[in-house]
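S.K.: Below, each chain spelled out in residue letters.
There are 2 protein chains.
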Amino acid sequence: MVSGYRCRVSTEVKSTIDGVRSEIRTELAKYLAIQRSYLTTISPELVPVCNALDEFLLDGGKRLRPLFAYAGLIAAGGTPTPHIIRAISSLELLQACALIHDDLMDGSDTRRGKPAIHRHFENLHQSNAMNGLSEQFGAAAAVLLGDLALVWSDQMLNTSEIPTASLLAAQRIHDEMRIELMAGQYLDIRESGEDTYSLERSLKIARYKSGKYTIERPLHLGAVIGNPDSASHAPLLDALSRYGLPLGEAFQLRDDLLGIFGDPAVTGKPAGDDLREGKRTALMAMTLDALDDIDRAELLRHLGSPAISAEKVEELRALIIKSGAVDALEQLIADLTEEALQAIEDPSISPQARQYLTYIALSAVKRNT
Amino acid sequence: MVSGYRCRVSTEVKSTIDGVRSEIRTELAKYLAIQRSYLTTISPELVPVCNALDEFLLDGGKRLRPLFAYAGLIAAGGTPTPHIIRAISSLELLQACALIHDDLMDGSDTRRGKPAIHRHFENLHQSNAMNGLSEQFGAAAAVLLGDLALVWSDQMLNTSEIPTASLLAAQRIHDEMRIELMAGQYLDIRESGEDTYSLERSLKIARYKSGKYTIERPLHLGAVIGNPDSASHAPLLDALSRYGLPLGEAFQLRDDLLGIFGDPAVTGKPAGDDLREGKRTALMAMTLDALDDIDRAELLRHLGSPAISAEKVEELRALIIKSGAVDALEQLIADLTEEALQAIEDPSISPQARQYLTYIALSAVKRNT
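Top to bottom, those sequences are chains A and B. Anchor point for the first sequence: position 96 equals 443 in the working numbering, and the numbering is continuous, going up by one each time. Anchor point for the second sequence: position 275 equals 622 in the working numbering, and the numbering is continuous, going up by one each time.
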């Protein structure tokens, strides 16, 4: 039982993690302030770029990737310093790039309850009565702000002043992680072009686009920053992978459920957003597989149609539940989480690290975030 | 007189540069082959990504940025090794990102005489009768291929196996250069939203988007790779800046002229492409400033209209020449090139480096490439 693990997490761990989250925000704010002062000396016209990225990075986000890196650091016996917090906070800038470009590619209007970056700049173009097409300007700005966030993430890591051996080991993992992310993203957009839904393909995409990138690789990144020798220390990195990969899958499956059933106040996206987008998730593949022909035809008729009404969203949700896919997915999430938590019973993981890993695992896959 | 400098360039320099260009291609081909074998183990569906980037990187390009880095390396007294060639070749991957994203943002159909990346993937989507909107798929693929090329450029530099001190010094310049590039790109798209053309603003955009990024920063990158201590060696880097900045401006002005008067067989873009796009170049700002009211109104009526006929392109070209802007720009290019070549008379530049810098300068700004 997953819930059984909760009791082993001390309140101290929770408050440490809250403290780390706040340090991450502080480091991001410091980095962004330096960038703002630099960019605005080039031109005051770059102020809206700084404002938009400040808001994107400082107003929200669960800081999951830096927190997994933090847990990896502790697992490798590392001691957190402000320089290390700065290095792992750079993952938030990479994530900003991924989200900004993702929303543009999907044509999503909303992120964290606010206009997505391309819509925000489209609105700016309109309200300033600028020349040309607002939509084209919004899209171009989103391409560039994503690119800028990606380059910033590199610079924030490279200038974090962590020891050189840590930096060089971190860069290697950071580069591989970003290549996996882009590969997963491409497979994802390609999947939308398929005629059929496939559970196997959806799980593979989730593994590259989300699982490795959100959990396994940040853990490794933190571990090699904490102890550069652990890059060649197989047992620890292996144990972190055996924890990170199933947990990454569970995290993605939770995200699938939130994309259909999530509360907009929590997800920051409209209700049933994944239905309108026709997103090729494992949840959808399982649902379509389990439904009878009539129900399947009904669901397929509406999937990917931007104009589904709120009533229809409710009806389709009921169909998905009726298929049994939601229960099956909840069970799968519980099993995968259990598998992850078993993996950190490995002796290479210290009791303290185990507490952090347990706490973050449970917060990554729980129902209501 | 610019042409007077030609005589000081030995034929040996030309053949060395040709050799370096070929080594750059070899290093890129090796890197891309490793990436292909990695990505295709993730999924065979990534083959079109590898094919498109292979073609983009191996079939064309003047390799200007790596060649300037090479000249910077020689200027700093460095000795080129295969590892160093690999490190500076990574600039071609960064340039691939810039061009792929640029074509997407501008809605350009053609690059180097072939479909731009977003059009290429749009065509793939159509010919494979894939589900969904071909244009959206093409745009998403271009976002991701640009992102991937950007990440690859990092990885190619980081894994080049140059000495650690060189790598750390190079990363610092590389990061700053990419931030300048993205800032310049944003100012460029923002400029299209202005009601008026401005020579001053166009020159500033050209400086960040093109001049620093194409010439000054690659020179510095090569210099610190060749001699990491030169990062704190002001006279050399200053001399390279005094050469690189005016030359970068001259290069951009040549590009402005090619965008209107270039031969499609040479530019790989349709004739008069910048007219259809309504690009806010220094050439256009100078032209509009010099024309009388009637001619200015005629030019403004057609600028930025995608459907200008071939005859109208000819008429508008005649107007631009009549304004005197072309002659003025040619003079400015000659003066800026002269200024650049004067700067490398500085004693911090060795006679050998001076030969490379002269040769590459002249090939960057000459009329017919």
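Calculated from the structure, these hints are not laboratory results. Just so we're clear, the structure is a prediction, and the values are computed from it rather than from any experiment. Any given hint might turn out to be false.
Copies of the same chain are indistinguishable here, so a pair counts whether it falls within one copy or spans any two.
Unchecked claim - Straight-line alpha carbon distances no greater than 20 Å define the calculated EDC-like cross-link-like pairs of lysine to aspartate or glutamate that follow:
id, residue 1, residue 2
1, K626, E508
2, K626, E392
3, K551, D682
4, K461, E392
5, K659, E508
6, K461, D542
7, K461, E624
8, K626, E482
9, K377, D522
10, K377, E523
11, K669, D636
12, K551, E392
13, K361, E645
14, K626, E370
15, K377, D453
16, K361, E658
17, K626, E541
18, K713, D610
S.K.: Hints first: check each against the structure and report whether it holds.
M.R.: Structure-based check of each hint:
no.	hint	verdict
1	K626 to E508	neither (41 Å within a copy, 42 Å between copies)
2	K626 to E392	between (37 Å within a copy, 18 Å between copies)
3	K551 to D682	within (18 Å within a copy, 58 Å between copies)
4	K461 to E392	neither (23 Å within a copy, 34 Å between copies)
5	K659 to E508	neither (54 Å within a copy, 58 Å between copies)
6	K461 to D542	neither (32 Å within a copy, 29 Å between copies)
7	K461 to E624	within (18 Å within a copy, 32 Å between copies)
8	K626 to E482	between (23 Å within a copy, 18 Å between copies)
9	K377 to D522	between (24 Å within a copy, 18 Å between copies)
10	K377 to E523	between (27 Å within a copy, 17 Å between copies)
11	K669 to D636	within (12 Å within a copy, 70 Å between copies)
12	K551 to E392	between (42 Å within a copy, 12 Å between copies)
13	K361 to E645	neither (45 Å within a copy, 69 Å between copies)
14	K626 to E370	neither (35 Å within a copy, 44 Å between copies)
15	K377 to D453	neither (31 Å within a copy, 34 Å between copies)
16	K361 to E658	neither (40 Å within a copy, 72 Å between copies)
17	K626 to E541	within (11 Å within a copy, 38 Å between copies)
18	K713 to D610	within (14 Å within a copy, 61 Å between copies)
In summary, the structure is inconsistent with hints 1, 4, 5, 6, 13, 14, 15, 16 from the numbered list given earlier, while agreeing with the others.
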